[in-house]
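Colleague: Chains A and B, in that order, give the protein sequences.
Count along the first sequence starting at 1, add 151, and that's the number in this note's numbering.
Count along the second sequence starting at 1, add 625, and that's the number in this note's numbering.
Fair warning: there could be bad hints in the mix.
SDA-like cross-link-like pairs, simulated, lysine to any residue; straight-line CA separation at most 25 Å [unchecked claim]:
# : chain 1 : residue 1 : chain 2 : residue 2
1 : A       : LYS587    : B       : GLU646
2 : A       : LYS332    : B       : GLY714
3 : B       : LYS632    : B       : ARG648
4 : B       : LYS713    : A       : SER301
5 : A       : LYS331    : B       : HIS664
6 : B       : LYS628    : B       : ASP650
So the derived list for chain A, only partly shown, Cβ under 7 Å to chain B, looks like this [said to hold, decoys possible]:
#  : residue
7  : GLY188
8  : SER193
9  : GLU215
10 : LEU287
11 : GLN291
12 : ILE294
13 : SER301
14 : HIS305
15 : TRP307
16 : LYS331
17 : PRO335
18 : VAL361
19 : PRO394
20 : ARG639
Keep in mind the hints are simulated off the structure, nothing from the lab.
Glycine residues also receive a C-beta, built at the ideal position from the N, C-alpha and C atoms.
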Amino acid sequence: MNEIKTDILIIGSGAAGLTAGVYAAQLHKKVLVIDKGAVGKSGSTVGAVQMAGLGEWSNPLDDERAYMRDIENSGRGLSDPALAKTLVNDISKRIEDLTSWGLKLDRDKSDQAAVYPTAGHSLPRSISARKGKTGLGILQTLIRKAKTLSENLHTWSDVITLDLVKSSTRVIGAVVFDLKKNKPYVIKAKAVILATGGIGQLYPTTSNPVQSTGDGYSLGLGAGASLIDMEQVQFYPVSLVTPRSVAGLCISFYHYSNLYNTFGERFMETYEPETLENTTRDKLSIAIASEVVAGRGSDHGGVWLDISSQLEKVKKEFLHEFNICMDRGIDLTHGYAEVGPAAHFMMGGVHIDVNTASSVPGLYVAGETAGGLHGGNRLGNNALTECLVFGAKAGINAAWESNNYEDQSTVTAEALSPFATKLLDTMSRSVSGSVKSYQIKQRIQEILGTHVAVLRTDEGLKQAAKQLEAVDDLLDQVEMSTEVNYSRELIDYVEGAHMLRTAKAIVGAALHRKESRGAHFNSDHPSPASNIYHTFVTKENEQVVIHTSPKGEK
Amino acid sequence: MNKLAVKMERQARGVHHFNIEHRDDMTVLDVLEEIYRNHDASVAYRFSCRIGLCATCMMMINGKPGLSCMKRAEPGCDGTMSLAPFLKGNTIRDLVKEV
Chain A
152 MNEIKTDILI
162 IGSGAAGLTA
172 GVYAAQLHKK
182 VLVIDKGAVG
192 KSGSTVGAVQ
202 MAGLGEWSNP
212 LDDERAYMRD
222 IENSGRGLSD
232 PALAKTLVND
242 ISKRIEDLTS
252 WGLKLDRDKS
262 DQAAVYPTAG
272 HSLPRSISAR
282 KGKTGLGILQ
292 TLIRKAKTLS
302 ENLHTWSDVI
312 TLDLVKSSTR
322 VIGAVVFDLK
332 KNKPYVIKAK
342 AVILATGGIG
352 QLYPTTSNPV
362 QSTGDGYSLG
372 LGAGASLIDM
382 EQVQFYPVSL
392 VTPRSVAGLC
402 ISFYHYSNLY
412 NTFGERFMET
422 YEPETLENTT
432 RDKLSIAIAS
442 EVVAGRGSDH
452 GGVWLDISSQ
462 LEKVKKEFLH
472 EFNICMDRGI
482 DLTHGYAEVG
492 PAAHFMMGGV
502 HIDVNTASSV
512 PGLYVAGETA
522 GGLHGGNRLG
532 NNALTECLVF
542 GAKAGINAAW
552 ESNNYEDQST
562 VTAEALSPFA
572 TKLLDTMSRS
582 VSGSVKSYQI
592 KQRIQEILGT
602 HVAVLRTDEG
612 LKQAAKQLEA
622 VDDLLDQVEM
632 STEVNYSREL
642 IDYVEGAHML
652 RTAKAIVGAA
662 LHRKESRGAH
672 FNSDHPSPAS
682 NIYHTFVTKE
692 NEQVVIHTSP
702 KGEK
Chain B
626 MNKLAVKMER
636 QARGVHHFNI
646 EHRDDMTVLD
656 VLEEIYRNHD
666 ASVAYRFSCR
676 IGLCATCMMM
686 INGKPGLSCM
696 KRAEPGCDGT
706 MSLAPFLKGN
716 TIRDLVKEV
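Only chain A is shown next, with the shape it has when bound in the complex (with noise of 0.2 Å):
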């Protein structure tokens, strides 16, 4: 097989990846950067509206502990106070960093960087660029930063991760399949980072893009990672159901909002009587999903969402989402939105310690494929703010780690996992079979939708384990043409057997989580237990192992 080599292999190029790749680079490392997508250009970086942060332009009562606070209160005790302290110690430097290269913030009328408020957080502390677009404008920064590194950094679009290579205990590259040229490819590393984003489409309805399917996760198990609370998915509380082509697009303004269940009665009253919709993610989606189970739902299983009374905020905060809605015919002026939790973001994932190394030498993971900074729920806008400061330091780490780190072999074909080699084995003949691959995903997301979604029974989560079980003999059932380049057919392949994998870690954690926590929440265990645990997901021989431990052991 085709062997390339660098010195750090980055696996995504979102927020968090393009961030590793700049501070490698910046310290002179070879870095190779790859998506299966368009670099720069995937993942849920492009539609991140705001951030959460401190700077200079800070409100004067909040600091690092103020922040810290609020992340460890949301976090309902499975936040790693470690992880939280590094993101709050070091977020005002990587902000000043971005500006020093371009990034230009919204200003407020006296042209100070506007500050606004989101839920969760004790004090108004999100900042934006591009008039909401913050992640497009962030990724667009470490791009022109970026090609200012170009004798160091390089990056690969359309080239799409098979599993990670290891020799005896260690990461030592990446086998990869470029869809441009139907061509497999092993990329030797002396550092992999692991930056791929979140599992948004192993649900039926999501806020992702469609390159979220959980490759991370599956690619952490295959190289031996641990993975933390995986149970912990956070649902979007209030996203558009219907029409199709825009659901799960998230209303990022709810927090101006008043929702109503069909009866017309504003149901947060009851849930919430304080705070009311402006709540914390996983109450909201809890108490949405609650209302529909009850039957007191919307026609397309939702609420009804009104924000007229604040429109002129909505349209000066969020006027991209308000063109969007009033374009598909839901006219937030006069009417009700239909609206409903849709599958936003993993809390779990990787274990890495604050230098954002796995439990497996060699492999770095940031942002949303890393786990355990924010436990139970992810405060709004903390993703951008997780991606940047995890971002820098698994760059730094990796080029620090990829100094003392020299091996010259070759990566023969035994070399590679059973894994990677049967998917490498379908993929270079076509094949006949009875499925087709997009249907593997959407049988996961059936599963996973109908059983695993806000809110869990124990015999939900059984069965969705013995109905994961069985898509292992539609993957092997797969039809499909090899015969073109950039294959549809081939990335759903690739990717179904990646949300299997991942999806199995899901229901596993949920079936050992024995109570109610954060966004886990079990109907036959309705309370959170007096002891704080996590879950890891471990893989041998394939099948995912579970244990878990109190909090503060592995």
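The hints should help you fit chain B onto chain A, whose structure is shown.
Modeller: Then chain B, alone, in the frame of chain A:
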């Protein structure tokens, strides 16, 4: 249900015609998904965010550049919706541009 006639320029493979089930709220991207799933699995197109931000789904729609995720699917002057790759840059295959 109504039908929508679609013609797609596919470089060396020529112009292909599809006749698909049409719902009123369909975007051009929804049409492409429908073609991929139920008509021709070899069709190549690129997209990501589905909300008009990433711009990777840019293509020629009825002769004009547009984002397939944002543009409502409707026939052009000749009664057929025409799709072709965006004019600038190299085309990898079908509607997919090099990035």
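Colleague: When the nearest CB of chain B is found for A/HIS305, is that gap smaller than 7 Å?
Modeller: 14 Å, violated
Colleague: Mind checking the alpha carbons of B/LYS632 and B/ARG648 for me, to see if they're no more than 25 Å apart?
Modeller: 18 Å, holds
Colleague: Hint validation: A/GLY188 versus chain B, beta carbon distance must be below 7 Å. Holds or violated?
Modeller: 6 Å, holds
Colleague: Mind checking the CB of A/VAL361 against every CB in chain B and telling me if the closest is under 7 Å?
Modeller: 6 Å, holds
Colleague: Any CB of chain B closer than 7 Å to the CB of A/GLU215?
Modeller: 32 Å, violated
Colleague: Using Cβ atoms only, decide whether A/GLN291 comes closer than 7 Å to chain B, and label the hint accordingly.
Modeller: 12 Å, violated
Colleague: Hint check: A/LYS587 vs B/GLU646, CA-CA at most 25 Å. Holds or violated?
Modeller: 20 Å, holds
Colleague: If you take the shortest Cβ to Cβ gap from A/ILE294 to chain B, is it below 7 Å?
Modeller: Hint violated; A/ILE294 Cβ to chain B Cβ min 11 Å, cut 7 Å.
Colleague: Given the hint that A/LYS331 pairs with B/HIS664, test it: the Cα-Cα distance must not exceed 25 Å.
Modeller: At roughly 23 Å apart (the allowed maximum being 25 Å), B/HIS664 and A/LYS331 satisfy the hint.
Colleague: Under 7 Å, Cβ to Cβ, is where A/LYS331 needs to be relative to chain B, so tell me if that hint holds or is violated.
Modeller: 6 Å, holds
Colleague: Hint validation: A/SER193 versus chain B, beta carbon distance must be below 7 Å. Holds or violated?
Modeller: 5 Å, holds
Colleague: Does the structure keep B/LYS713 and A/SER301 at a Cα separation of 25 Å or less?
Modeller: Answer holds: B/LYS713 to A/SER301 is near 24 Å, not above 25 Å.
Checked against the numbered hints above, the structure violates hints 9, 11, 12, 13, 14, 15, 17; every other hint is satisfied.
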